[in-house]
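Q: Using my numbering, read the sequence shown as starting at 208 and increasing by one per residue.
Because the hints were derived from the structure by calculation, they are not lab data. Everything hinted at is true.
Cross-link-like lysine-lysine pairs, in silico, BS3-like; alpha carbons within 30 Å at most:
hint: 1; residue 1: 235; residue 2: 253
hint: 2; residue 1: 558; residue 2: 455
hint: 3; residue 1: 493; residue 2: 419
hint: 4; residue 1: 477; residue 2: 533
hint: 5; residue 1: 428; residue 2: 517
hint: 6; residue 1: 477; residue 2: 455
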Amino acid sequence: MECVKEVLNDNSFCKTSLASFGTLFVEKLNLSNFRCYEKLSVKVDKGPVVLTGPNGSGKTNILEAISYLVPGRGLRGAKYTDLTFTSLSAKSEVFQPMNEVQTIIDNPLKWAISGKICYNGLFTDIGTGLEQTSEVNQKARRVVKIDGKNCGTQSALGHHLSALWLTPSMDRIFAEGAAGRRRFVDRLVIGLDPEHAARVTEYESCMRGRNKLLKEGAYNKEWLSSLEETMVTSGVALTASRMGMIEKLNKITREQYGVFPAAELGMTGKLEGWLFDVPAIEVEDKYRASLLDSRQYDCHSGVTDLGPHKSDLAVLHRESGMGASKCSTGEQKALLIRIILAAANLQHEEKSRMPVMLLDEVGAHLDKSRRSELFSIIGDMGAQAWMTGTDRSLFEDSGFDTQYFNVFNSTLTEAS
Numbered sequence: 208m209e210c211v212k213e214v215l216n217d218n219s220f221c222k223t224s225l226a227s228f229g230t231l232f233v234e235k236l237n238l239s240n241f242r243c244y245e246k247l248s249v250k251v252d253k254g255p256v257v258l259t260g261p262n263g264s265g266k267t268n269i270l271e272a273i274s275y276l277v278p279g280r281g282l283r284g285a286k287y288t289d290l291t292f293t294s295l296s297a298k299s300e301v302f303q304p305m306n307e308v309q310t311i312i313d314n315p316l317k318w319a320i321s322g323k324i325c326y327n328g329l330f331t332d333i334g335t336g337l338e339q340t341s342e343v344n345q346k347a348r349r350v351v352k353i354d355g356k357n358c359g360t361q362s363a364l365g366h367h368l369s370a371l372w373l374t375p376s377m378d379r380i381f382a383e384g385a386a387g388r389r390r391f392v393d394r395l396v397i398g399l400d401p402e403h404a405a406r407v408t409e410y411e412s413c414m415r416g417r418n419k420l421l422k423e424g425a426y427n428k429e430w431l432s433s434l435e436e437t438m439v440t441s442g443v444a445l446t447a448s449r450m451g452m453i454e455k456l457n458k459i460t461r462e463q464y465g466v467f468p469a470a471e472l473g474m475t476g477k478l479e480g481w482l483f484d485v486p487a488i489e490v491e492d493k494y495r496a497s498l499l500d501s502r503q504y505d506c507h508s509g510v511t512d513l514g515p516h517k518s519d520l521a522v523l524h525r526e527s528g529m530g531a532s533k534c535s536t537g538e539q540k541a542l543l544i545r546i547i548l549a550a551a552n553l554q555h556e557e558k559s560r561m562p563v564m565l566l567d568e569v570g571a572h573l574d575k576s577r578r579s580e581l582f583s584i585i586g587d588m589g590a591q592a593w594m595t596g597t598d599r600s601l602f603e604d605s606g607f608d609t610q611y612f613n614v615f616n617s618t619l620t621e622a623s
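Please work from the sequences and hints to get the whole structure.
A: Here's what the structure looks like:
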């Protein structure tokens, strides 16, 4: 199939050239064999983009595709192997490699996404995809390219594009488990420091390896100590990064932003408590000793009891003094938006660029006052926003110079 090759090697925008200055935006998006799209190419301006259509038409899949152009697991957190165009399972075609000009890649791609990114008037070509494995038990590998060149890690994407998103599944982030809140904080950190994604991946991989060794019982102590050492260095570093992000956000969220309430944020956990009291190098010593002492306990429990995987985000509604989990659903949504807007402002302060905003069904899940205020704020920010909804009328009073697209049966058409 030629379409996979074309997505990451579209020479029509593989050059660096000039565009309008001062804004970070996605100008062109190409998909191949991704979700419900066998092939899609769409070109837009730097302003807001609204995708309208019935539920199940493929709107959110487009936002999800953009979310894979930054480090991480995308706005749904799906398995990479679940992203492949659904009808491919019944086909037997051989996929084409990413680039026939460069060194041949043995394993071609199952799906691919690429984007033409403009920042400060310069265009950069970024892309990612999943390799087709040749062996049954071989793990599929995500690949990344920048301007046609292979990159070793996803972190490279974050140096060219950052994105923040709001989806209906996030509505109960404060009421459900801590894992979702940790992932949320990590996404905010990655917006400032793309290398944070690698630290999180490294920590989680070594923790899983430690758990497996302890479960097996007869383990190599040197190998176990090596895994724990990596857990110590990456775990303390990522904890410090989370705490640093929260400290910066608090300087912004402590003030109300229009109809979005002021919030107080904090990270809770054992390592966080230690880092409040002693330098990071001493925390590493304490964590290293704790992992050693807890081997027998963790062996019986089957999990690692101490580490940043146990941390949590605490959020307080400053005006009412209530924890976010005790607030109404509407107030929880408003607090979440306040944090996301603060993170966008923080990126602008530190990186001189606004992230791309991905807002899924945002119009239907906010009252008119908050919806109008959010649209006004995004307009003032100058951020490119990709928004979805079933009803175009929810966006028509936004005051944006908006580009509208109709989505129906996985087909995208520009609307007048």
